[in-house]
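Visitor: From first to last, the protein sequence lines stand for chains A and B. For the first sequence, position 90 matches number 90 in the working numbering, and the numbering has no gaps at all. Every number in the working numbering is 1000 more than the matching position in the second sequence, counting from 1.
One or more of the hints may lead you astray.
As the list claims (entries may be wrong) - Computed cross-link-like contacts, BS3-like style, restricted to lysine-lysine with a CA-CA straight-line distance of at most 27 Å:
hint	chain 1	residue 1	chain 2	residue 2
1	A	116	B	1053
2	B	1013	A	67
3	B	1128	A	62
4	A	227	B	1013
Source of the hints: derived by calculation from the structure; they are not laboratory data.
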Amino acid sequence: MDVKEYIASGILELYVAGTLSPEENLEVQHYALQYPEIQQEIEAIEKAILALTKTASPKMPKNSFAKIKAEIEDVIPFTPEATKRKDTSSWSTYLGWAASILLAVGLFWMYSENSKLKSEIELTNQENQGLQNILSDTQEEISIKENLLQQLRDKNVTVIALGGQAVSPTSYAKAYWNKEESKVIIDAQGLPEPPDGFTYQVWSLKLDPLTPTSIGLLADFAAMDSKLFTLDNANESEAFGITLEPEGGSESPTLEQLYTLGAVGS
Amino acid sequence: MQLDNLIIKFQQKDKAAFETLYTMYAENICGVINVIVKDAERSEELCQDVFVKIWEKSDQYDTSKGRFFTWILNIARNAAIDEVRSKTHKNQKKNLSVDSLVGIYENSEDLNGKMDTIGLQSLLKGLKDKCIKLIDLLYFKGYTQKEAAKELNAPVGTIKTRIRSCISTIRKNMA
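In isolation and in its complexed conformation, chain A is listed as follows (with noise of 0.2 Å):
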């Protein structure tokens, strides 16, 4: 397993948020013995919530606990005098109190089998519950994607690669550019992840005399999983590029921090 990709996956966040699934909580309790990393990580995330919440907390008086503790000795009443009471004893107080003790274990007993059932019930719920939230995230999920593909296989779309260019030769990215819709969809799988403070800016360019106009930023790019981004436009665009721009976009493309670029086939 690759120990620093299962804490990227932002598990670790929602084990502490307590709203993964008794399974999944059991899954990652594995984890956590068999990779020390993953343990300190979850109680790192912990720490976080712990001086996060306790931000808001009223202050408190100083022997609060003495109110619960007070409470809490009610309920376990437990009256002495009774034993003190008769020193003379007979047989039959002594077979009242062993039937009696009898009748309290049995009834505990029974107690306790009902209870472990009710908590089965509960679990086995509780994993249902799991399982279906799996089952309807996924068909949402296949859903989704197939409307993509869909929109990607319709007729009208041109693809055009946009190539890696000298700032970052290794990246690439391509356009699905459905002209009667005026939509593009940049599928930038192929782009690294932009610094902080900067964002991705994708540009319809005309060449003679060479003319960029903004068709939007490429915006929450880490959290976007699929790096499919829809895209508005309505230019005649001959080319098509994508530079790095400080958050919120420019007005005309910082060449320099030039990623794509690729052009329009007839």
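Fit chain B to the supplied structure of chain A, relying on the hints for placement.
Guide: Then chain B, alone, in the frame of chain A:
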């Protein structure tokens, strides 16, 4: 390791162990309740009830429920949300608003002058509203991934990576 021992003793109804756990987590638990209930006095009462409940339910905790803190956090959240939804509270016209944490952060809307708003703001520094909302939903309101995605109008698949980056910022702010 020490925490594990404390929890075992607590489950054997050791009051001293319970008091130690209380000292470790009371402020956090009361803080979560305070964000939801928005009433310091009522939060303190409720917080006390929650710890009594934790004591009574001690045998129900096991590791399939996650971290011990996560377990008590869940009990506290449920109690606080029940409180807000209950009738007694409706009279006071307060509701379970989605953006309570954002409100506290932006308006320094200190509910009753008792919170450490400066501490809160320095921890949340540089976080976008979206992030604070997500933290509020997942940690303070107990939303599932799916519910949070719906509330924020975001794809379910992005919730995990997003919360990872949000919490990372808080961790940087702590350093």
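Visitor: Given the hint that residue 116 of chain A pairs with residue 1053 of chain B, does the C-alpha gap stay at or below 27 Å?
Guide: holds (19 Å)
Visitor: If you draw a straight line from the CA of residue 227 of chain A to the CA of residue 1013 of chain B, is it 27 Å or shorter?
Guide: Distance ~53 Å between residue 227 of chain A and residue 1013 of chain B Cα, so the pair is violated.
Visitor: Under the criterion that the straight-line Cα-Cα distance not exceed 27 Å, is the pair residue 1013 of chain B, residue 67 of chain A satisfied?
Guide: holds (17 Å)
Visitor: Are the Cα positions of residue 1128 of chain B and residue 62 of chain A separated by 27 Å at most?
Guide: violated (36 Å)
The earlier numbered hints that this structure contradicts are 3, 4.
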